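Q: One-letter residues, chain by chain:
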Amino acid sequence: MIPLSWYLIFAAALFSIGLFGVLSRRNAVAILMGIELMLNAVNVNLIAFWRYLDPVGISGQAFAIMVFAVAAAEVAVGLALVISIYRSRKTVVADDIDLMKW
Amino acid sequence: MAIQIIFLITAVVTLLAALMVVASRHLVHSALWLILALFGVAVLYVLLDAGFFTVAQVLIYIGAIAILFIFAVMLTRRDMRDSGPQHTPGWWLAAILAALMFAGVMIMLISWTGFSTPLPALAADADTLSRLGLALVSPDGYLLPFELASVLLVAAMIGAIYVSLAKK
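If you read the protein sequences in the order shown, they are chains A and B. The working numbering puts the first residue of the first sequence at 890, with every later residue one more than the last. The working numbering puts the first residue of the second sequence at 14, with every later residue one more than the last.
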């Protein structure tokens, strides 16, 4: 049987990869992809903790559903913002979106 | 034994796909690797006896979010196709930070006593899906967060339509 630690190590690695993507990519769409990877790592953790530590309860699954809903809302608004910025400024490079910078 | 092998193959494929998402020069390739990584996570949900989340993962993440990403990539494509660097000049700093993050989480996990909890048996009559559905609509359970999530989704939908609407 698989111990809990395998899932936790996997989720930590996936979260770190997503974090690297968020911090290092220049394209705003790629940054959002990194955020998706991080949210997936969190969800794997939630489901794994539910299955291993609280299989009779339901809280872990309920939280995972909230993360799903928030991820869907986040990506819809985020990509709409990126497309809107692209329309007005012809760029999706995060460095160049400095309208509010002095 | 077979379960472990499936887990290891899935984990390796998913992590490699995730690495390709953040490393690929071509954004469309990144989006396709993202779909593979999301499929890997869906397989892990199967291994965790969470069949509903597998379906939700395939429907919501792969069916909706990944397609949305591909649309966004194609709508903003002219800008930085393959020319120029795809990573910031300080990407090594980001790599060090991510590695530190991983190391920190691992140190915390190893010092935790429940780290290698074995898999508890799921009761044969454990109907987790119907219990989850009841918990989401019962006032003693998660009714309020559930309704708030609906409001959030409506607000996100209206906001996304308004923001991306072409201004006359």
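Hints are supplied without guarantee of correctness; some may be wrong.
Claimed, not checked - Example chain B residues on the side facing chain A (calculated, C-beta under 8 Å, incomplete): (1) Ala15; (2) Leu49; (3) Val54; (4) Leu88; (5) Thr101; (6) Ala162; (7) Val164; (8) Val176.
Said to hold, decoys possible - So the derived list for chain B, only partly shown, Cβ under 8 Å to chain A, looks like this: (9) Leu40; (10) Ser43; (11) Phe115; (12) Ser129; (13) Pro131; (14) Pro152; (15) Leu157; (16) Pro158.
Calculated from the structure, these hints are not laboratory results. Every value quoted in this text rests on a predicted model; they were computed, and no experiment measured them. Quick reminder that beta carbons are idealized off the backbone N, C-alpha and C, glycines included.
Q: Take the hints in turn and mark each one as holding or not.
A: Checked hints:
Taking 8 Å as the C-beta contact cut-off toward chain A, the hint placing Ala15/B at the interface is violated, the least distance being around 11 Å. Checking Leu49/B against chain A: minimum C-beta separation of about 12 Å lies over 8 Å; hint violated. Taking 8 Å as the C-beta contact cut-off toward chain A, the hint placing Val54/B at the interface holds, the least distance being around 5 Å. A distance limit of 8 Å between C-beta atoms decides the matter here; for Leu88/B the minimum to chain A is near 6 Å, and the interface restraint holds.
Checking Thr101/B against chain A: minimum C-beta separation of about 6 Å stays under 8 Å; hint holds. Taking 8 Å as the C-beta cut-off, the interface hint given for Ala162/B holds, the closest approach to chain A being about 4 Å. Because the beta carbon of Val164/B sits about 10 Å from the nearest beta carbon in chain A, more than 8 Å, this interface hint is broken. Interface restraint check: Val176/B against chain A, minimum CB-CB distance 4 Å, threshold 8 Å, status holds.
Given hint, Leu40/B at the interface with chain A, holds; its Cβ is 6 Å from that chain's nearest Cβ, closer than 8 Å. With its C-beta approaching chain A no nearer than about 6 Å, Ser43/B sits inside the 8 Å limit, and its interface hint holds. Because the beta carbon of Phe115/B sits about 4 Å from the nearest beta carbon in chain A, less than 8 Å, this interface hint is met. At its closest, the beta carbon of Ser129/B sits 4 Å from a beta carbon of chain A; the interface hint therefore holds under the 8 Å criterion.
A hinted interface residue such as Pro131/B counts as satisfied when its beta carbon comes closer than 8 Å to some beta carbon of chain A; here the least separation is about 6 Å, so the hint holds. The beta carbon of Pro152/B is not positioned within 8 Å of any beta carbon in chain A (closest approach about 14 Å), and the interface hint is therefore violated. For the restraint placing Leu157/B at the interface with chain A, the shortest Cβ-Cβ distance is roughly 11 Å, beyond the 8 Å limit, so the hint is violated. A least Cβ separation of about 6 Å between Pro158/B and chain A falls short of the 8 Å threshold, and the interface hint therefore holds.
Comparing the model with each earlier hint shows violations of hints 1, 2, 7, 14, 15; every other hint is respected.
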